[in-house]
Each structure stands twice: as C-alpha cells, then as structure tokens.
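Asks: Below, each chain spelled out in residue letters.
2 protein chains.
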Amino acid sequence: MPPTPPALPGDAEEAIDTPALLLDLDVFEANLDTMARLLAGTGAKLRPHAKTHKSATVARLQIARGAVGQCVQKVGEAEALVWGGVADILVSNQVVGAAKLRRLAGLTKLASVAVCVDDAEQVWALEQAAEALGTRIETLVEIDVGMGRCGIAPGPPAVALAERIAHSRHLGFAGLQAYHGLAQHLRRAEERHAAIAQAAEATRRTVEQLAQRGLHCRIVGGAGTGTFEEELASGIWTEIQAGSYAFMDADYAQNLDAAGRPVGTFGHALFVLATVISVARPGVAVLDVGHKGVAVDRGLPLVWQMPDVRCVGCSDEHATLHYDPGARSFGIGQKLRLVPGHCDPTVDRHDWYVGLRGGRVETVFPVDARGAMR
Amino acid sequence: MPPTPPALPGDAEEAIDTPALLLDLDVFEANLDTMARLLAGTGAKLRPHAKTHKSATVARLQIARGAVGQCVQKVGEAEALVWGGVADILVSNQVVGAAKLRRLAGLTKLASVAVCVDDAEQVWALEQAAEALGTRIETLVEIDVGMGRCGIAPGPPAVALAERIAHSRHLGFAGLQAYHGLAQHLRRAEERHAAIAQAAEATRRTVEQLAQRGLHCRIVGGAGTGTFEEELASGIWTEIQAGSYAFMDADYAQNLDAAGRPVGTFGHALFVLATVISVARPGVAVLDVGHKGVAVDRGLPLVWQMPDVRCVGCSDEHATLHYDPGARSFGIGQKLRLVPGHCDPTVDRHDWYVGLRGGRVETVFPVDARGAMR
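So the sequence lines, in the order shown, correspond to chains P and L.
Read in order, the letters of the first sequence correspond to residues 1 to 374 in this note's numbering.
Read in order, the letters of the second sequence correspond to residues 1 to 374 in this note's numbering.
By construction, these hints were calculated from the structure, which means they are not laboratory data.
There's no promise every hint is true.
Each pair may be met inside one copy or between any two copies, as identical chains are not told apart.
[Stated by the list, open to error] Below, a list of computed lysine to any residue pairs in the SDA-like style, where the Cα atoms sit at most 20 Å apart:
id : residue 1 : residue 2
1  : Lys-335   : Arg-102
2  : Lys-45    : His-216
3  : Lys-335   : Trp-304
4  : Lys-45    : Gly-181
5  : Lys-335   : Ala-98
6  : Lys-335   : Leu-300
7  : Lys-335   : Glu-121
8  : Lys-335   : Ala-99
9  : Lys-335   : Pro-325
10 : Lys-335   : Val-284
11 : Lys-335   : Arg-357
Chain P with its partners taken away, still in its complex shape:
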C-alpha cells in the first residue's frame, strides 16, 4: 500500500482525512522545551526514547534542544533513525539472532550505536558480530532494578558480566541500563518515590562495585516520563530515557504529584483525529477509528475537551461514544480529537504525523520506524 498522507500543508483541521495522527506543534514544542529546562544544570543528559515517536524528525528536534541522542528497542528503529541523520543511538534492549547482530554491527560504521546485554551468551554473540565486521560495539549491562523483565541481578552478577565485556577484544564496556518501567505508572508520588529509591540504591551499589574493579560507567541509563525527576534527584543516572513527555497520553496524565493533583508538567500534544460516521441511536455516536488506529492496552481514549462524552468501547475499526442526548448532539461527518490511552503503540499504527498550528496543517512527516519490530 502506498502510504498516502491524510493531509497537505495548508489544509484546515476540518479537511484532514481520518483517522489521522495529529500533533499540536505548539504544545509539542513546549513539552520539548520544558524537558530541556528541567534537565539543565542537573549533570544528567536526555536520551529520549524513540520507541514513542519512531521519527527522525522528532529526534532531531529533541537533539537540537540538547538531547545527546536517542534510545530505541529494535535494530530496525536504530536503522530508521541513522538513515534519518541521528548520530548517537543506544539500543536499550538485548539484540538476539545472527541477522540482527550483523545489522547492528554494520550500523556502528555509520553512527555511534550501543546495545545492552544481560547474559554472557549475548556477549559472546556480540563479540563474534563485531569481529566479523572489524568494528567495536559499545555494550551496557542491563540490571533488573524492579521491572521483573529483562536484566541481570545488580551487584556481583552484573559486575561479572561487565568484566566479560571489558575483557573481550571487540566490545567496550559502556555502563549500566537500569530502567524501572513499572514505577512509571504508579499513580501516587510516594509509591514512585519508594520504587525509584530502591532502584537507585541497587544501581549505586553496582556502580561502586564496578569502580572497585576499575570499570567506569560512562552511561547509567534509565528513567521515563513518570519518574525522571526521581532519577535526576538521585544523582545516579547520567542519561534520562523519557519518551512520552513529548506527546503525553491519557495514561501518564493520571499520575499525581505529592499534593494528590495531576502532575501536569507536560501537555497533550498527540491526538487521533476521527470522524463521526453513525448517529443511528440517541446518545450514541460511532467514530471511524478503533483499536487498529488508537491503542487500548492502557485504557480507552478520552474525547478531547468533552469530559461529558465517554468512549465506552473500541472494536477493530469503530469507537463508540455515549453522551446525554439532552445536553449535546453529534452530526455525521463531525471530527473529534481523541487522546490515546498510550502514545507509543498508537504512533506505531500510523504512517504519517500531521503537524498542526493555529488550526492549520503546517507540516506532514513520516513515522519512519513504523512497524520496525525486527
């Protein structure tokens, strides 16, 4: 399928074909500026996670505001960014399989590319891939600091793995990956604080034990939109990997500050624009987008600026809205903005961003790494 864009620069918002992935450029740029300001002077760098935006264009705008590079989860995402001009990438995950390792090694000839391991077998395979291409691959040890997914245990097991990297001929030990994804979505500030305090202690201990063996962590990476201020305050992390802050979704917007109010540091910049296609029953409007176009893994989307209208279900190609027909009406063809429950997988279902300013399309640019799962 040729990916025809849903709009052209100059179009009014009402003229955009739907479903479309809409970016409010004013709010988006304000989010980038806010994050740059929050990190200034902390000593930590920003390495935003491109699994959120999958776009070399977004990456460049982040780097222009001081980000040191990008994180990705997949070699395919790294390729899309390198081809789009990004010079410094960390694959914040294990890369397994000979074909992927050949691609990873090849990329190191075009850009600075690092990767994570949590097992000696991965170190061995990386070493082979680097040797075959006569290159050197910067390698981080991923430690499990509470996520319960990938990552070797902090402390001595992590140190032993780092020593294997340091002793290999074609790999360089670059530091630690210490990401506590579950903590991002704890709603209460004190819960997030406690989770990150524990992760920080495990990470600090491992950094110290590495130092005792003469192993320096150039990178201690982790953190996300929900907790990066905790990671910053600890002074342990050198690189913050937040991704969703640029767009903000309905899920992160539920996080509360110490006073019990929504955190509100970043604004909603990303929407899915949809059209009302059916109003056959009173109090029910049906939209032309379902979970093939807006992710529901972290809850149903919200209808932007209509708190009285509830999305009650998303099937493959339809979202069903319920409302009080005495208080409001919808017409066939009317366009509505949805705030996705979860940005990352929502972006991955679209081929194009439609950038809006002042109610008009200012720019249209591709989701370069759409579907880059390998």
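Based on these hints, arrange chain L on the given structure of chain P.
Replies: Just chain L now, kept in the frame of chain P:
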C-alpha cells in the same frame, strides 16, 4: 521504512527473523476447504471479511474456492484488494467524508463495489459522489440487530431509508447488512443461538416489509466465524461474512459447542514467531515481541503446544513467559510460536506473511492493506 521480509522461500522455520507473522499453509488451506464444504448447497454465498487478512492473495485463494468476493471496512482496504485483482467488494460500513466518497465512486469504475448506510444524510452524500463521476453505487441499508453500534432500527425506519436509496438516480438498493458482532464471542452455544434467532427475526421482518414495497434484497449480509452456522440455518442471510475462520485465534477457540466442548471446526493457522531474548531469572523467559506485534485486545497470546507455559504480560516490545524451571528450560535465541488472542489487529501490525509448509518457508507475500484505515 522499506518493508524487508523476515524470510525468503526455502528458509527453515528456525532461520526466520522475528517477530514474524507465520501462516501454516496446510492448516490454512484446510480451513478454507472446510468453510467451502460447510456452505456448499446451503444457498448462501461466502463473502469473507478482508479486515482479517488484508491480503489480495488470501482473497484470491478464498474466491478460488467459491467465495463471491470480499467484505472490507475501509475504502483503503477496498483499493488494496481491487489493485490486487479482486472484482467484487462490499464495504460493510458507512463511508463518510467527501474525499473517501470520491475514492469509493472511482473504484466502482474498476470493480463491483457496494457500501452500507444507516442515515439519509449518507444517502445524499453517496448520490452526489456517484453523480459527479457518472457512476452508480450499489447501497445496502445496515440494520442494528443487536450489536448496538452502527445500523438503523430494523422494520419501518430501514424500509424508509431503502426507499430513499431506490428513488435516487445514481444509487441502487442492494439489500441489508445485518451483522451481530457481539454474538460471535458468546461462549455458550445456546447464548449464540438465542442472539442470532433474535437477529434473524428482525432481519426476516425487514426483508418482508421491503418486499411489500417492491424492494428486493439481492444481498442480506452478515455473520462471522462464531455464529455463521446459526445464520446459515435461519435461511435469511444470503452472504456469510466470516473472516477469522481462515486463521483462527485464541479468542474464537474458546467458543463451545452444544455439548460444552470447544467448537474445533477450524485449526490455528496463524502465529507470531518470536525469539527468546532474556532468561536472566529462573522461570521467566522474555520474547522479542510485545503488543506492537501481537494484539492483546482480546487477551494475551498462548504459547503454541506448551500449555504449561503462561504468557503473563505483553509490554510494547516484550512478552513475558512464566514456567516451572524444574520442568522446562528455555535458551536465548530459541524460537517460539504464539497464537494471537485476536487475528485481525495482529495481522495489521505486520507487513509480510511468511507461509510455511513442512517446516520450510514456501512463500512470502505482503499484507497489502496493512494500516489502510482511511
């Protein structure tokens, strides 16, 4: 991103790069044959739903076994199929918006294309689009037979809308769309029977009232994998719109027959192949695919032929498996097949089908309408 296929014909299953969308060709062809056999002699035709497979190749294999054409939900899906050689398509949904209607009208010059309406405003817009192109658009009235989503009320409201179509100059009244999607997923046979009996009664009554006004239903469309035998038995539906039967997912596999046993008419032909990337903790294996590659809207995937291994979570790019480390072990690089909870959105996240026979890749073909939401 150039969509590089994850395998080439001749590759062994173990050599396929992951995540990949795997089609077991023997089971797939048996499913197509079974459905053709079940419909033979019933008087009803099969018009499989392409929102499941999004592939002109799959459509042609279905048509070669007697299917009259294809259903789609979106104009973009219709375009992908027409460009791939499918001659008869029903858009089983409302198409709203001038740009989409121009595309729909244009397609009628290349193939037989029909569409559904549930409101007079849609009829008016369709008439304008058809007139502008000097074409004629076959139009069905969608009635709500229990789904509670799109569809005008059966009986007199539907008849009045059909008369508007019949009186327009550029539209042809083609019949009724009567789809009860909710009934598909009722687990017990008697629940499905009761829901379809009610839908059949409402549809029969509407067909009769239309006939009294001289309006003939060339098509009465609906049904799906979960209930098509009920729709067939009623004698009302002339076209069966099952889609998932070709692939089967974990969700439909939970439907029970009258004796309380899994229905089992169709076999699992569609899988997501994944690689173990981390075994850092005992009893836990992490795969290189998450909900960006396997849909979780109808539950987590199953691990094929390993009932003792449970998928306990899918994040963006990881699936986490739990197992008894005393009974089983996994190695980094090991490949596993997942049975998706829901086929349709899983297919939509991939660019390629990898068709397997006898443990080897026989063919690789594209998901032509991947992401065709507009």
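Asks: Looking at the structure, which of the earlier hints fail to hold?
Replies: Result: no hint breaks.
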